[in-house]
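Those sequence lines, one after another, are chains F and V.
With my numbering applied, the first sequence corresponds to residues 1 to 441, in that order.
With my numbering applied, the second sequence corresponds to residues 1 to 441, in that order.
Chain copies aren't distinguished; within one or between two, either way the pair holds.
Below, in silico cross-link-like pairs of lysine-lysine (DSS-like), each with a Cα-Cα straight-line distance of 30 Å or less:
1. 369 with 329
2. 369 with 129
3. 98 with 369
4. 203 with 286
The set of hints was computed from the structure by calculation and includes no laboratory data.
There are 2 protein chains.
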Amino acid sequence: MLPYILSDQMHLIEAGQLTDQTKNTFPLTLTTGGDQAEERIASLPLIDGVEFATAATGIRYQNRSDVMLVRLCADTEVVGFFTQSSTRAAPVLDCEFKLQSQTASPSAIFANSGNANAFTGADGFAAVKRIAAGVATELNISADHVLTASTGVIGEPLTPDIGKILSHMPGLKSSLSPLGMGEAARAIMTTDTFPKVAATEIKTPSGPISIAGIAKGSGMIEPQMATMLAFIFTDAKISRMALKTLVNEANSLSFNAITIDSDTSTNDTLLVAATGTSHHPELTRKSDKWPQFSHGLESVMASLAEQIVRDGEGAKKLVRVRVIGAANKIDADRAARAIANSPLVKTAIAGDDPNWGRIVMALGKSGAKLSCDQLTISIGGHPVAENGQVATDYRESQVADYMKGSDIQICIDLGIGKASAQILTCDLTHEYISINADYRS
Amino acid sequence: MLPYILSDQMHLIEAGQLTDQTKNTFPLTLTTGGDQAEERIASLPLIDGVEFATAATGIRYQNRSDVMLVRLCADTEVVGFFTQSSTRAAPVLDCEFKLQSQTASPSAIFANSGNANAFTGADGFAAVKRIAAGVATELNISADHVLTASTGVIGEPLTPDIGKILSHMPGLKSSLSPLGMGEAARAIMTTDTFPKVAATEIKTPSGPISIAGIAKGSGMIEPQMATMLAFIFTDAKISRMALKTLVNEANSLSFNAITIDSDTSTNDTLLVAATGTSHHPELTRKSDKWPQFSHGLESVMASLAEQIVRDGEGAKKLVRVRVIGAANKIDADRAARAIANSPLVKTAIAGDDPNWGRIVMALGKSGAKLSCDQLTISIGGHPVAENGQVATDYRESQVADYMKGSDIQICIDLGIGKASAQILTCDLTHEYISINADYRS
Numbered sequence: 001m002l003p004y005i006l007s008d009q010m011h012l013i014e015a016g017q018l019t020d021q022t023k024n025t026f027p028l029t030l031t032t033g034g035d036q037a038e039e040r041i042a043s044l045p046l047i048d049g050v051e052f053a054t055a056a057t058g059i060r061y062q063n064r065s066d067v068m069l070v071r072l073c074a075d076t077e078v079v080g081f082f083t084q085s086s087t088r089a090a091p092v093l094d095c096e097f098k099l100q101s102q103t104a105s106p107s108a109i110f111a112n113s114g115n116a117n118a119f120t121g122a123d124g125f126a127a128v129k130r131i132a133a134g135v136a137t138e139l140n141i142s143a144d145h146v147l148t149a150s151t152g153v154i155g156e157p158l159t160p161d162i163g164k165i166l167s168h169m170p171g172l173k174s175s176l177s178p179l180g181m182g183e184a185a186r187a188i189m190t191t192d193t194f195p196k197v198a199a200t201e202i203k204t205p206s207g208p209i210s211i212a213g214i215a216k217g218s219g220m221i222e223p224q225m226a227t228m229l230a231f232i233f234t235d236a237k238i239s240r241m242a243l244k245t246l247v248n249e250a251n252s253l254s255f256n257a258i259t260i261d262s263d264t265s266t267n268d269t270l271l272v273a274a275t276g277t278s279h280h281p282e283l284t285r286k287s288d289k290w291p292q293f294s295h296g297l298e299s300v301m302a303s304l305a306e307q308i309v310r311d312g313e314g315a316k317k318l319v320r321v322r323v324i325g326a327a328n329k330i331d332a333d334r335a336a337r338a339i340a341n342s343p344l345v346k347t348a349i350a351g352d353d354p355n356w357g358r359i360v361m362a363l364g365k366s367g368a369k370l371s372c373d374q375l376t377i378s379i380g381g382h383p384v385a386e387n388g389q390v391a392t393d394y395r396e397s398q399v400a401d402y403m404k405g406s407d408i409q410i411c412i413d414l415g416i417g418k419a420s421a422q423i424l425t426c427d428l429t430h431e432y433i434s435i436n437a438d439y440r441s
Numbered sequence: 001m002l003p004y005i006l007s008d009q010m011h012l013i014e015a016g017q018l019t020d021q022t023k024n025t026f027p028l029t030l031t032t033g034g035d036q037a038e039e040r041i042a043s044l045p046l047i048d049g050v051e052f053a054t055a056a057t058g059i060r061y062q063n064r065s066d067v068m069l070v071r072l073c074a075d076t077e078v079v080g081f082f083t084q085s086s087t088r089a090a091p092v093l094d095c096e097f098k099l100q101s102q103t104a105s106p107s108a109i110f111a112n113s114g115n116a117n118a119f120t121g122a123d124g125f126a127a128v129k130r131i132a133a134g135v136a137t138e139l140n141i142s143a144d145h146v147l148t149a150s151t152g153v154i155g156e157p158l159t160p161d162i163g164k165i166l167s168h169m170p171g172l173k174s175s176l177s178p179l180g181m182g183e184a185a186r187a188i189m190t191t192d193t194f195p196k197v198a199a200t201e202i203k204t205p206s207g208p209i210s211i212a213g214i215a216k217g218s219g220m221i222e223p224q225m226a227t228m229l230a231f232i233f234t235d236a237k238i239s240r241m242a243l244k245t246l247v248n249e250a251n252s253l254s255f256n257a258i259t260i261d262s263d264t265s266t267n268d269t270l271l272v273a274a275t276g277t278s279h280h281p282e283l284t285r286k287s288d289k290w291p292q293f294s295h296g297l298e299s300v301m302a303s304l305a306e307q308i309v310r311d312g313e314g315a316k317k318l319v320r321v322r323v324i325g326a327a328n329k330i331d332a333d334r335a336a337r338a339i340a341n342s343p344l345v346k347t348a349i350a351g352d353d354p355n356w357g358r359i360v361m362a363l364g365k366s367g368a369k370l371s372c373d374q375l376t377i378s379i380g381g382h383p384v385a386e387n388g389q390v391a392t393d394y395r396e397s398q399v400a401d402y403m404k405g406s407d408i409q410i411c412i413d414l415g416i417g418k419a420s421a422q423i424l425t426c427d428l429t430h431e432y433i434s435i436n437a438d439y440r441s
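Use the sequences and the hints to build the structure in full.
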């Protein structure tokens, strides 16, 4: 199995061995969040066989696009990963069913923002059916080949708005264009403050393979086996099974390794579509370009995941929590998540306060096996705690200065074994409360 | 086993069958929080054989008492329950060891606020030893019979302050008095805004049995098998084993059924001391007064637990989450905790927003078995969701009015089985962020 570049780089960085060349292979951290969104959109590649259209239906938001239609060329392979919530929304259950029972490839994806169509009973399923039928009629395909996704308020019926949505179908069809991916990223936003896109290109003798994706998500983010809405497209030729394996591996290190507020959505949906329109022969584990493709897919997914955290509701800081020295992978993940989800750790970070005792508290409640005497905590490379107490040369003012930055790295060695994990999160600020308490998001 | 009165009353209230008499048996909800603290302190009973003293040592806070000394008469039985954190503080480990290996009864309890003496390594244990020795010398008892507890900042050495603490020992000894329990409740406060006390009396032909207790806690509250600091005293004659059984039962329904911020302290300590000085014969399961004593102990613990939640950092509302119809007890607890710990549910409550979709989300991520089609949610008795969608006669304005109150009841029927659970929590407000991000608490 291909080692994950991000993890490897963390080790290299920690060991001071990261060469410039390795650094350039993969952006460990996006230098910026929203302020470079327009540049990222401008440099999106076109994926042959994929067309986008958007419209402003006014379901919930005014004066902005809120639905997205994607048409996929024939024989596109699509794999999907979804929330593990037991109150999964109607479009999620519909996608799962269609992908499991698919006889032919999906031909279209339709998404709306502003209404999650979750916990909407039989009416919710009827709404999905009517939307899929509307798309199918317009594009002259089977409704079984239309996947849908929704994001927004839970529990509000979507039925009253179906008419509005259907009235936009002819307009959507006529505006389908390979150029529309950036606008599609805007159409799926809810409390997001910037559209999230990422892309990469793998050079091959028979021409490039492109991978590009969009995502949305800002609150209700601790994906379980999936993400918020994310749609990734590639022109690679690859079998459905091979694609599924690759996406599954990358998922555990990208979308499944982030948390904003420990809350898991009813609607998390990740769809990855491979059109097979590139000139490079089919990718298999034996292909020369398999490692590069795998790495490219991971880098696109990791970038989108990081953008989601960077745009976490109210977030001012991106926090990378890395745990090493764990007895096993589960313990490493548990320890990292306990820190990443602790309101007290996250508020301390918001306040630029190197209150590392709260990290000790979070580790203590995590259930992960640890040795107090061997436990090491560093913040931004500064040793903070070691051997069961404050580090000998700990200077609080030094760490307090580091905490004023917008990218915070916390590294913990549990001192037990060799397993490691990394979770991205953000700080917990007044703005999170404002967004979620002061008005309905 | 004695059914828990609080739970029974919930059922009766839901069924509209609660008589005035039953209502008076146990205060389901304290009508107020801090504004009646002084009244509660004024009506505390004296527990024969228990004396209190406090002092202001200035370890962290200025112009307020910050240490508490309790002297217990000979043959007092003491049981303790502690945090299950794997980074337990030195005084917690010391208490556990002393209680497990006790050959005679503990004779004194010493507590300090402002410094948790947690993750302080060998120095932390040395600090506990020096404090216990100081108390022992002053009271002319063995240091093995001195229990200590600490609460405050994690990771800061207590050693530099031991001199200050020890210098107050003579003064503490000379001011020991059965009247000092209220001041002791003040001395253990950290971010608490009011002292927490509760008491009850069981009438018997041979005179009353009294139970009274104090507690502190406001943040870092999701106790695992224990609580923040709580000290409960009774003059009942009861064996250590019988007391332990009763406290364990009551604990799971009081201190272990609350959460403020999902964070578990390194220092949670509950000590219950029975002096045996009342005139009533030894209490056993066969005693006439056993049910009343058991209920009395539960009511004191439940009241203290509720006061902790009511004084949750930044809290404006007390929220009672009740789950019924669960497949088993674990699922009921898991579902209730998922709601009680969800930042999105708690911010919605802070904003008086009946955004019940977030409750659906929390149930979905909880892992508890549920039936969407049978799931019922009510808020303040108003049906909100049923049969997998919004309730037929749901009026949002009605529930929004209810949400403006300071006591919120959320009831969920998972529609699967017969198990139930109840968790008390509070809302998540701007003030929680201020308290924990704007300065070090």
